[in-house]
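Participant: Add chains B and C to chain A, keeping to what the hints say.
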Amino acid sequence: MDIVLQQLVNGLTLGSVYGLIAIGYTMVYGIIGMINFAHGDVYMVSAYITAIAIALLTFFGIESFPIIIIGTLFLTVAVTGAYGWVIERIAYRPLRNSSRLSVLISAIGMSLILQNYVQLSQGANQQGVPTLLTGAIRFTVGDGFVQITYMKLLILFISLLGMGVLTYVIQKTKLGRMCRATQQDRKMASILGIDTDKVISTVFVIGAMMAALAGVLITLDYGAFDFYVGFIIGIKAFTAAVLGGIGSLPGAMLGGLILGLSEALFAGLISSDYKDVFSFSLLVLILIVRPSGLLGKPEVEKV
Amino acid sequence: MSQVVGINFKKSSIDALVAGFLALILFGPIVGVLLDGYEFDAEFGRVAWMVAVVVVGRFVMSCFFQTEKGVAMSFKYANHDEGAKVLSPGHKSKMVWIIPLVIVVGLLVPFIASKYVLTVVILGLIYVLLGLGLNIVVGLAGLLDLGFVGFYAIGAYGLALGYENLGLGFWSMLPIAAILAAFAGAILGFPVLRMHGDYLAIVTLGFGEIIRLILTNWASFTHGPNGISAPLPTLFGLEFKRRSKDGDTFHEFFNLPYDSAYKYMFIYLVLFAVVWAVLFVKHRLVKMPIGRAWEALREDEIACRSLGLNHVLVKLSAFMLGASTGGLAGVFFATYQGFVNPSSFTFFESALILAIVVLGGMGSTLGVVIAAFCLTVLPEVLREFAEYRVLMFGILMVVMMIWKPRGIVRVTRTGFAARKGVVK
Amino acid sequence: MSNVIVRKTLISLAIAGAATLAQADVVIGVAGPHTGAYAAFGEQLWKGAEQAAADINANGGINGEMIELVKADDACEPKQAVSVANRLVDSDGALAVVGHFCSSSSIPASRIYEEAGVLMVTPASTSPTLTDQGLSNVYRVCGRDDQQGDVAASYIVDTLGAKRVAIIHDKDTYGKGLADATKATLNAYGVKEVMYEGLTRGEKDFNALITKIRSVDADVVYFGGLHSEAGPLVRQLREQGSKAIFMSGDGIVSDEFVSVAGSPEYVDGVLMTFGADPTSYPAGKTVVQGFRDKGFEPEGYVLYSYTAMQVVAAALSANDLDPVKGAEWLQTNSVDTAMGKKTFDDKGDLTVSDYVMYEWDAKGKYTQVN
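As you go down the protein sequences, you meet chains A, B and C in turn. Under full-length UniProt numbering, the first sequence has 149 at position 149, and the numbering climbs by one with no breaks. Under full-length UniProt numbering, the second sequence has 172 at position 172, and the numbering climbs by one with no breaks. Under full-length UniProt numbering, the third sequence has 101 at position 101, and the numbering climbs by one with no breaks.
If we strip away everything but chain A, and leave its shape as in the complex, we get (with noise of 0.2 Å):
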């Protein structure tokens, strides 16, 4: 019982995380139609930052944890969220005429770009982070116990908080309304008056903020990356954006916390060697039952 209980846990927290970059990869697709590949990367620049910006404090001579941590979200998301304008500007924004695969290899060229240029000016070696927060709960279930740290308390508290700020701004904010426009009918929005470049560049910058959070997140709670680690979260968060139904907002949530359950209890109670054949396999079967994936709309088709 208590094990099952601990992967529920566990599964939540990897799954929050999940969803948070999902929401990178599903906030593109919809406004654009195109697979950012290089998101996983713009992950990876971030927990760079995440360590630069703790090594920055720390050598500022700032120690205390609430204080670093709020400057390490604040400084990461910022320059992140560069990052995710100035990749939108030069590699998709001169193919915004032209088929949607020729957008989708030059994401893939960008993150071939993003991975060596951070190999080049940080070295190949592993990286990590002190850690800062420390302590964990402890209940006692039956013989057993759970154990939460506080940390993965933090990550499930501010991932919540940021799709919660998320939400709000597309629903309600004149920004969101701009966004959701546009992603309706790009041509139609524009004619509006709408500016729908500077909306498809503010939808970059988003996704590479939410990405930020989750950089800072994970970066704090594993303390180990390389230039490299944005590959397969970059896969799992993108299938995590499919399976909640690509293009909608909650189902990329929804997608990364049902994604990160289904991992942590297959891993936990069955292998943990073929827990990705299973998470694929999860993801075709619920494509064949709903093609749209969870929570996306049926595609219409036209004539």
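Source of the hints: derived by calculation from the structure; they are not laboratory data. Some clues are possibly wrong.
Footprint (simulated), chain A over chain C, 3 or more residues, beta carbon under 8 Å [stated by the list, open to error]:
#	segment
1	37-46
2	192-199
3	204-216
4	234-248
5	253-264
Keep in mind that this is a model prediction, so the values were computed, not measured. Even for Gly, the Cβ is constructed at its ideal location relative to N, Cα and C.
Facilitator: Chains B and C only, in chain A's frame:
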């Protein structure tokens, strides 16, 4: 362009400053602060360099795009020409001359090239096969397949495992692997072909990963990450080894001194023949009803279905044909390398093959051939750049897409003359 | 048409390569992952080989000929290993190769070197398959996975007296080979592992796996893999409140293991098998000092690479720069290196495995366990 274009230096300077500021934000942390354990070393010199380069580059670019030539260029990139180039009905292709020439030159390659060059060319030809296979699926049928490497792996492991477990050699596995891969294509194809565009993409990506994960995890059968060795091709039973346990070796039979290059020469010649065969088959298929159906279905699925095309069958045939070509390529890869392990079949490989198809110009056979050579030879040529190699490769990928988003070669089509009395 | 152009470029490049060859003295390739996910190890190989070549050249080179190193990047992909190996023997004219790093690259490359009569000494590929192929030109200055597994397993059984062992590996040639070797020896001792599973390289979340380790109530967790996964694994193990002893192989030998684990307190008590301390040899001490004078800490495979270069140089210099004779010579002769006297058996493995057990302490340093 009738208006007089002057260069507004103020605007360019502002552009350059903004770019410089952004570059400072981007490069500042990553390039300027070198992590060392939990501490760091400041490397602000590097940042200054990079920012300076960006500022100057942006300024020059901004000025250039204000000149007449620049305006014309940006206009050209904003309006890419669409669609295929239709040739006049009486067009005589220059290919009639070029193809025999390429064949002759191609046949001479193994005898003049060094072994290293030969191996690079073999790799190039393997990617031509892969590109041709994926081109049927993505370029012609319009099904985005991100897991093509799965079929490649099936071919490669087919040879290695078939040799180990059933004693089948290169020649028997060549057709069997193609059939196996096609069969795998069918199994994957049936459930997923009703999905749309990008859902199909992620499912195929998942399929490719599943194949790789199974190859990694099922160690008792596939030897897991250790990989397994694959046999060399034989020429009527003659082996290309230095010594042979049973039967004769090639160099003993012909009384030649042993040279490991013979093996590559032979693989090259066989591969060269297979590539031409596939090219020929594909060339014909595209002109047959099935090829027309693929392209029609890509352009408008609903119209095709309402005209009575069986879309599942049409898509499935494209999937299976593409897969079998991938399987063929896998067999050659395994025999060329003499060893296969799962790390050769990662997602990056799928992306590379897709890049070949897109870069070549979707659906264009000639383009695929050129792009396949570019993308395999390029990393080798870029070896001179040592650790900057992959970075250059990535930059070239992005630049190529911006420069020629429709690929290197545009699809051409033979025009038909209107028959008298039918069309007025 | 374009093919022709491409080929022409290639041929001219090859000619250019041959031209540089004419001026070179003794060309030795250093093959390893200089790009890609394993680039850090490629750098270790390069640093070691570079220093060794510089030291040998400073002492007059090999029979008066200077060593020229060629960096060969295989990115740990077998495909690139094959083409880079062909390039080394063909256009660079290398007489010997120090490398490769990954066993999966070393194995296909070793065949090409054998055909071309090039001596290959790997500082890092520990897979038994490499030397079991029966190639006459392949040597290694590191141990084999099975030798390392023996040391680990006997320590678990004899010293720790553990009965419940969980074995984790990273599904890679090195990690799984190590885990399998340890498992085999453990089973021979009559200890059946309570868990045997793989994790995915590149992932950092192992919480699910660790909860499972907790559920089987393991005393010892043996991990076959590299420090990039070992760090998060041991950290998450402790964070979930497990007190199981963590043991691994030479893949975690790096100061980065501590920074990756998040804090030295997490690596406290971690056990690992690794070659005996090179500073215990007089020759090794000077070499290590030479590295430190340049402000570089020779960790991981740097000294192995240095040693490999010394073995290559010794074999070539005793046989008039003939790599084939040099390979034969190594069968019967031993070489004095920075890591002591190295003698090889007829497969090309070291006759004496020098694996010993080390323990990490709360300061993030490791010391030999007596």
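Participant: Next, verify each hint and record whether it holds.
Facilitator: How the hints compare with the structure:
no. : hint    : in the structure
1   : 37-46   : holds (count 6)
2   : 192-199 : holds (count 3)
3   : 204-216 : holds (count 9)
4   : 234-248 : holds (count 5)
5   : 253-264 : holds (count 8)
Consistency with the previously given hints is maintained throughout, with no hint failing.
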